[in-house]
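Participant: One-letter residues, chain by chain:
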Amino acid sequence: MTASTRGKGQGFGGEAALRLLQTYAVAAMILVLMVLLSLSSDSFLTVQNLINILNQNTPLAIMAAAMTLVIICGGFDLSVGAIFAVASVTAAWLALNVHPYAGLMAAPLVGMLLGFVNGMTITTLNIHSFLATLATGLVYRGIAILITGGTLLPVRLDDFTWLGRGRIGAVYYAVIVLVVFAVALTILLNRSTIGRKILAVGGNEEAAILSGIRTRRIKIVAFSINGFAAGLAAAIATSRISLGQATAGTGMELEAIAAVIIGGTSIYGGQGAVWRSVAGVFMLALINNGFNILNADPFYKDLTTGLIIVAAVGISAAGRRR
Amino acid sequence: MAAGLTDETAQTAPSHAPQPCVRLSGVTKSFSGVQVLRDVSIDFMPGEIHGLIGENGAGKSTVGKIVGGYYSRSSGDLIVFGDQVAQWDPPLALARGVAMMHQELQLVPALSVAENVFLGIEHSRAGLLRGDEERRLADIAAFAGFDLDPAATAGSLSIADQQKVEIMRALAREARVIVMDEPTSSLTHDEAERLHGVMRKLRDRGCTVIYVSHFLDHVLDVCDTVTVMRDGAVIRTAPTAAETKASLIASMIGRPAADVAYPPLPPEPDRSGTPLLSVRGLATATGVRGADIDLWPGEIVGLVGLVGSGRTEIARAIFGADPSTAGTVSIAGEAYHLRSPRSSIEHGIAMVPEDRRRQGLVLTQTVRPNMTLPHLSAFARFGLVRTGGERAEARRLIDYFGVQPGHVDGAVATYSGGNQQKVVMGKWILGDPRLVILDEPSRGVDVGARRRIHEFIGETARRGAAILLISSEIEEVMGLAHRAYAVSGGRVTGAFVPAQTTVDEVIWRLFHEQGAGRTGATA
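From first to last, the protein sequence lines are chains A and B.
My numbering puts the first residue of the first sequence at 1, with every later residue one more than the last.
My numbering puts the first residue of the second sequence at 1, with every later residue one more than the last.
Hints may be right or wrong, so weigh each one.
Here's a subset of chain A near chain B, in silico, CB distances under 10 Å, partners left out [claimed, not checked]:
| hint | residue |
| --- | --- |
| 1 | 142 |
| 2 | 190 |
| 3 | 206 |
| 4 | 268 |
Per the computed footprint, the stretches of chain B lying under chain A, defined by three or more beta-carbons under 8 Å from a beta-carbon of chain A, are [what the hints assert, rightly or not]:
| hint | region |
| --- | --- |
| 5 | 44 to 56 |
| 6 | 355 to 363 |
Honestly, the hints are just simulated from the structure, not real lab data.
Positions of the beta carbon are idealized from the N, C-alpha and C atoms, including for glycine.
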């Protein structure tokens with residue numbers, strides 16, 4: 001972003017172009033997809049279809065936005081799908097047994113607590129976040145099953161379902177929550193001391209330690225925010241379908257990571273942007289939507305998505321060779 | 001062809017061929033414009049142990065790495081077994097029978113001794129391993145005279161035994177020239193003796209061992225021939241029998257006065273008050289075995305020692321980057337116990353680490369966030385960074401050091417070494433520290449940056465800060481410091497005043513002292 005003006009120097013042209021590609025590839029691909037889909041189907045470029053795509057994907061977009069911080073910090077979080085499930089069943093249980101609002105508010109807090117546990121596990125045991133969250137994810141999923149006892153928890157209360165279903169004019173509340181959350185994370189990452197430290201820890205942990213940064217604390221913060229986001233996403237999704245279930249959120253961790261990577265955030269840490277991960281979610285959603293409205297063979301959907309991720313990872317890795 | 005011919009003869013009849021197995025002729029080498037080797041010509045003969053000695057930075061390791069294929073040469077000829085080689089890299093070198101043993105051993109810790117030795121050259125039938133490594137290993141072990149358990153995992157072995165695995169790995173590839181780069185630096189006295197025994201055995205079987213070392217006693221003990229280097233040039237190659245420790249040191253020193261002018265020394269500090277830094281009996285698990293240091297405000301003090309003597313480790317322990325196992329550190333008379341980088345920064349201590357790319361800079365970020373990283377909270381209100389003040393401070397430091405390009409948000413990853421170093425200096429001077437530890441501040445930087453860094457050291461001391469300067473270039477310490485400590489084997493072995501001595505005397509002293517503190521050296 002800041003280096004784009006360096007393109008005029010000799011020998012830096014390729015590097016600057018690559019940087020530009022890493023930054024704006026996802027936006028360009030979204031534009032191309034939208035043009036293609038508009039041309040090939042009348043039902044794509046309708047207000048209703050676009051609002052639906054946006055609204056359907058808010059929970060995943062919230063999770064991908066926060067996952068960006070974890071990946072910039074040099075980690076991965078495979079437990080957010082399970083955190084989503086625990087938050088979902090907790091919200092439903094509290095809505096039924098205490099108060100609908102208690103349920104909605106508890107979900108992000110439960111998520112944050114579980115994210116904090118992830119952070120503590122990673123930093124005190126000093127193990128890679130990939131392994132730690134693989135394990136804690138299984139534990140959390142087990143907790144979700146224990147809470148429900150294996151049953152579904154339907155919550156048909158207007159005080160509970162407004163968050164997922166309500167809207168002001170054409171705009172869903174959920175979309176507003178997403179925008180506010182993404183903007184807040186962007187400010188956190190680019191303007192706050194914590195964000196600066198997250199970028200430093202992911203960019204060069206040793207230099208960060210020697211600069212007096214308590215890197216463990218920074219990692220715990222990143223994972224806590226990530227857990228909070230999973231809980232917030234669960235509150236919206238559970239409210240929308242008015243059902244708490246222990247199997248909710250299965251596979252969302254990988255979708256969120258995929259969206260972050262498609263957005264061009266470096267899988268090696270130290271570089272990335274929140275908006276691009278949100279854009280990555282919508283890019284995946286557009287592919288999905290395109291297959292639906294074009295009546296294309298869905299067998300090709302995963303294949304297409306996979307190839308796009310490969311391309312994104314390739315671009316992300318290209319700048320690292322010296 | 002020549003390699004094929006000598007395959008038999010070299011191992012069975014070393015005396016047969018008077019022709020050198022490796023010959024360097026007029027070799028030069030430059031790293032980013034700095035010439036580290038000039039017109040080096042050395043003949044390595046079959047069946048000899050050939051020592052390469054010299055002061056820090058004399059170029060002895062560079063010669064070893066050029067022979068092993070790890071460095072390319074800038075010009076000159078490399079002749080291996082009679083053939084002039086153009087392309088040369090580690091795999092090619094191995095194919096021609098030249099192996100290199102690094103300071104950091106390169107074994108797979110989880111694999112067995114046998115598996116490590118034959119890694120990549122396993123016998124297989126139809127793609128399946130035949131599993132005959134242990135039998136093949138027995139032949140090589142018998143040849144070298146080792147008895148290691150072939151099934152033991154490499155990670156469980158001592159460093160000395162791991163070196164044997166590396167040697168067998170070279171032998172398994174039919175290496176007839178083995179370059180050993182400082183192999184005894186982490187060995188005990190007995191282990192070093194045993195390694196020398198192995199080297200002699202290899203020689204008796206016709207192999208050539210190129211032994212890069214700064215342990216003169218070891219070289220005198222085991223080598224047949226020794227080449228002394230200084231400032232990237234060969235001073236002489238002679239039979240070891242004709243040399244003594246004194247004659248070797250005499251050739252290593254006596255380099256012409258450097259053409260670099262140092263800025264005038266700041267005024268002598270007042271040493272009557274409490275020292276700003278006082279270190280007593282410092283020890284760490286990283287190899288510091290007893291360091292006593294005093295440092296007064298306004299004083300520049302150097303730490304000199306050979307590579308691996310523990311200078312960096314002492315600095316890191318003071319700064320809190322590594323935990324200490326014993327000893328005390330006091331800052332301005334107050335004990336400073338629970339040391340950490342964070343706490344040190346709050347105490348007004350700064351440390352410019354030795355490796356700017358790995359330890360100093362976050363290369364994914366621009367100049368500005370790199371400079372403000374240790375003092376970020378000073379630029380923040382309610383947790384948000386106020387970029388106006390941050391930019392102004394970065395601007396000031398960029399101008400102060402003359403960083404080029406001077407953009408506050410320049411991509412520091414693309415900067416030259418000298419400008420990266422200036423950014424690291426700016427980062428650490430930002431909080432006006434009262435103690436600045438500089439670890440190799442001018443390593444690998446251009447002349448202009450070097451001069452600026454030297455000026456900066458003087459300016460900072462005049463301002464009243466104390467400076468602990470670590471440099472492998474003894475001249476630098478001699479030209480910049482009020483006082484200096486000699487470090488050897490993890491210990492501070494003495495103090496001296498640069499103005500009252502000469503570089504040659506200091507080098508003399510360091511090479512003589514190396515036996516005292518280190519178990520690896522003969523007494």
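Participant: It remains to establish, for every hint, whether it holds in the given structure.
Facilitator: Here is what the structure says about each hint:
| no. | hint | verdict |
| --- | --- | --- |
| 1 | 142 | violated (32 Å) |
| 2 | 190 | holds (9 Å) |
| 3 | 206 | holds (5 Å) |
| 4 | 268 | holds (9 Å) |
| 5 | 44 to 56 | violated (count 0) |
| 6 | 355 to 363 | holds (count 6) |
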